[in-house]
Amino acid sequence: MVGLQHYIILSAVLFCIGLYGALAKRNAVIILMSIEIMLNAANVALVAFSRYVTPQLLTGQIFAVFVMTVAAAEVAVGLAIIIALYRQKEKVDVGEVDLMKW
Amino acid sequence: MIWALLGPELLLAIFALAVILLDLAVKQKGVLAVFSIVGLLGSIGASLALWGTNGIALNNMLVIDKYALFFDVLFAAAAILVILASTDYVEKLKGFQGEYYALILLATTGMMFMASTRELVSIYISLELTSISLYILAGFLKDAKSTEAGLKYLLLGSVSSAVLVYGMALVFGTTGGTHLGVIWNAVKGLNGIADNPTLIMGIVFLVAGFGFKIATVPFQMWVPDVYEGAPTPVTAYLSVASKAAGFAVILRVFFEAFGRAPWLSQSWGMLFAILAAITMTVGNVVAINQTNIKRLLAYSSIAHAGYIMMGLAAVGLMESQLALARSGILFYLAGYGLTNLGAFIAIIAISNNTGSDLIDDYKGMVRRAPVLSLGLAFTLISLTGLPPTAGFVAKIYLFNAALQSGLLWLVIVGVLNSVISAYYYLRVVKTMYLGEPASTERLSSSGPLRVALTASCFGVLFLGVLPNTVIQVTEAIKFLVS
Amino acid sequence: MGLAISFWLLAAAAVGSALAVVLLRNVFRAALLLISCFFAIAGLFVTLGADFLAMVQVLVYVGAIAVLLLLAIMLTREAATGSPFSRWRIGGAIASVALLAAMIAVFRATPWKVADQSVVLKPTTAELGARLLTPESGFVLPFEIASVLLLAAVLGAIVLVKEK
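First to last, the sequence lines map onto chains V, F and U. Residue numbers for the first sequence follow my numbering, so the first one is 1 and each next one is one higher. Residue numbers for the second sequence follow my numbering, so the first one is 1 and each next one is one higher. Residue numbers for the third sequence follow my numbering, so the first one is 1 and each next one is one higher.
Just so you know, these hints were derived from the structure itself, not from any lab. All C-beta atoms in this analysis are idealised placements derived from N, C-alpha and C, irrespective of residue type, glycine included. Heads up, a few of these hints could be off.
For each label pair, taking beta carbons as the anchor points, the in silico distance ranges come out as [to be verified]:
| id | chain 1 | residue 1 | chain 2 | residue 2 | range |
| --- | --- | --- | --- | --- | --- |
| 1 | U | R108 | F | N289 | 43 to 51 Å |
| 2 | U | A126 | F | N185 | 22 to 30 Å |
| 3 | F | N292 | U | L121 | 55 to 63 Å |
| 4 | U | D51 | F | N185 | 28 to 36 Å |
| 5 | U | I158 | F | Y433 | 43 to 51 Å |
Okay, the calculated bits of chain U under chain F, using three or more residues with CB under 8 Å as the criterion [what the hints assert, rightly or not]:
| id | stretch |
| --- | --- |
| 6 | 27 to 38 |
| 7 | 101 to 110 |
| 8 | 152 to 159 |
Generate the whole structure from the sequences, applying the supplied hints.
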């Protein structure tokens with residue numbers, strides 16, 4: 001029988017995959033995609049908690065709606081910055097960044 | 001009633017919209033700065049008018065108490081100084097002045113909401129409002145460095161907020177609610193970590209997510225690059241207001257939701273104590289070798305986050321010390337805020353003329369700009385923590401709070417760190433006063449900027465000489481719900 | 001039984017495509033697999049009885065976010081090899097796997113308080129709307145802040161992209 005644990009372990013797997021992508025990739029667009037995977041993982045956890053912990057209140061689902069709103073806003077601003085960067089550099093690796101290089 | 005309680009935030013949001021519209025109508029863009037400052041002053045007025053009222057509204061989510069109002073005033077005052085200091089900068093903005101001021105107002109609105117909500121969804125969304133506005137502001141100049149700063153800030157900020165929201169999801173899943181009060185009710189029934197390990201993991205995620213906003217080690221890696229690349233007024237705003245907003249949220253969340261169960265609060269108190277020690281040491285040690293003044297102040301701001309975290313540790317380790325430690329944090333944030341803004345304002349004026357942020361180019365600055373140099377020297381002395389400045393009183397006061405909670409070792413680390421920091425702060429002062437100037441050309445600065453610098457220096461002096469007036473206020477600040 | 005089968009299928013699809021997103025070097029394929037990951041998660045929402053969210057997931061993530069990402073990829077001239085690894089390829093993998101192991105261990109050790117599952121699942125749209133917009137019992141405050149947030153994002157996107 002599939003239960004709460006299945007869903008949150010699935011969300012943990014997705015979260016860690018997203019985190020790995022954010023750490024181990026250099027292309028800004030791919031890093032943005034990895035962040036989206038992390039946010040989706042949080043949404044899976046939220047909706048699962050909503051279903052199994054507070055099925056009457058839908059609090060988790062509402063939280064997920066807000067996470068999606070923020071995700072859309074982040075991507076829009078992120079792509080605007082990437083386009084600005086592209087205009088300056090006109091180089092092949094759009095938004096090539098190494099987040100862990102300091 | 002709801003409208004009145006929302007006054008400070010609502011006013012700013014309306015002014016932000018109005019600034020954009022006004023931008024279309026007026027040719028003389030200086031009007032926009034004046035208009036934004038009027039909005040911020042109105043917001044401060046609204047906060048002061050509400051001072052003393054205790055209100056909870058909108059399904060328990062909005063909480064207006066002295067704590068929230070104190071931060072409202074702090075954020076708005078910081079925004080005013082930043083806007084005044086931006087006047088020399090606006091010609092670089094390529095005709096986007098209206099949006100620049102609007103985004104500063106929106107970021108301030110978000111910070112005010114952060115300080116006045118006690119519900120995780122609202123905290124998350126207001127934190128994102130602040131962050132997204134700041135990502136844009138960091139990349140506002142659209143030159144190579146600024147854009148890269150914006151991109152790095154956005155990517156790392158989004159990763160950290162994804163971690164934060166996952167942590168919030170875990171806390172919600174284990175406690176069944178997103179209100180801090182509901183969470184506390186669930187936490188109350190637990191006796192130890194074994195009762196609910198997932199909750200602990202959620203709290204660790206929260207520390208990581210919030211830790212990014214206040215730039216504690218190991219989530220400080222974005223600070224130097226972003227501070228260096230962002231427009232300097234935005235850097236000043238980031239280092240002061242955004243950090244203060246992070247602390248405002250952390251203190252409320254951790255005290256109200258997790259702070260009154262000793263087994264739990266002592267764990268996070270100790271976690272913050274260790275992070276504080278590491279953060280201040282890393283910040284100060286790396287600052288020593290910096291040659292760029294903005295990077296130097298970036299590492300110095302990391303170190304100061306470490307000092308302020310001593311207050312959080314004090315609250316966690318001894319609940320009875322809440323009043324003293326909270327007051328210490330608030331006073332430190334006010335004093336550090338004025339000081340750091342003053343330092344950045346002086347730097348804006350100097351580098352606008354010389355076009356360089358290198359410390360070597362500050363040689364003999366006292367002969368080229370005596371007033372600016374005096375202002376910068378004074379604020380650097382305050383950052384070091386020497387009398388008669390706000391930094392001195394704030395450090396003594398906060399270190400005392402940590403001592404009362406039995407954190408002697410941490411206070412010793414803090415004092416040693418202050419000694420290290422004296423070296424690099426005073427080296428800048430020495431460069432300015434004893435070095436040979438590269439040229440004898442006098443520097444010019446605009447009137448508003450001089451007003452902002454004077455105001456922050458007098459504020460620093462006032463807090464240093466007559467701290468009791470402000471300490472009386474901060475000691476009277478309580479959480480409405482506790 | 002049907003629910004269990006769909007869970008496992010959708011979970012495998014979501015994890016598989018997420019892995020492909022972070023492992024492939026071809027940016028364009030990564031974006032397409034990200035879309036499939038979003039679809040799988042929409043399916044998971046259906047298995048959890050979140051009908052409205054499943055629709056929003058498809059509309060927002062697939063319809064808006066994925067399209068925006070594809071637009072950005074059009075700027076990449078070497079889409080086939082445009083997604084190189086950073087120096088954290090190995091270190092990041094070790095850190096992520098360690099975090100995952102810790103998370104799974106923690107989740108398994110937690111005594112979950114699961115509510116009564118006999119409640120009949122209803123369509124959630126009307127209920128969600130009421131919960132979002134009732135001042136006394138809903139999430140009006142975050143809803144209003146979200147509208148300000150979208151304003152800030154729109155402003156920012158215009159400022160950053162527009163040339164003067």
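Now the hints, each set against the structure:
no.: 1; hint: U:R108 x F:N289: 43 to 51 Å; result: holds (47 Å)
no.: 2; hint: U:A126 x F:N185: 22 to 30 Å; result: holds (29 Å)
no.: 3; hint: F:N292 x U:L121: 55 to 63 Å; result: holds (59 Å)
no.: 4; hint: U:D51 x F:N185: 28 to 36 Å; result: holds (31 Å)
no.: 5; hint: U:I158 x F:Y433: 43 to 51 Å; result: holds (46 Å)
no.: 6; hint: 27 to 38; result: violated (count 0)
no.: 7; hint: 101 to 110; result: holds (count 6)
no.: 8; hint: 152 to 159; result: holds (count 6)
Of the numbered hints given earlier, the model fails hint 6 alone.
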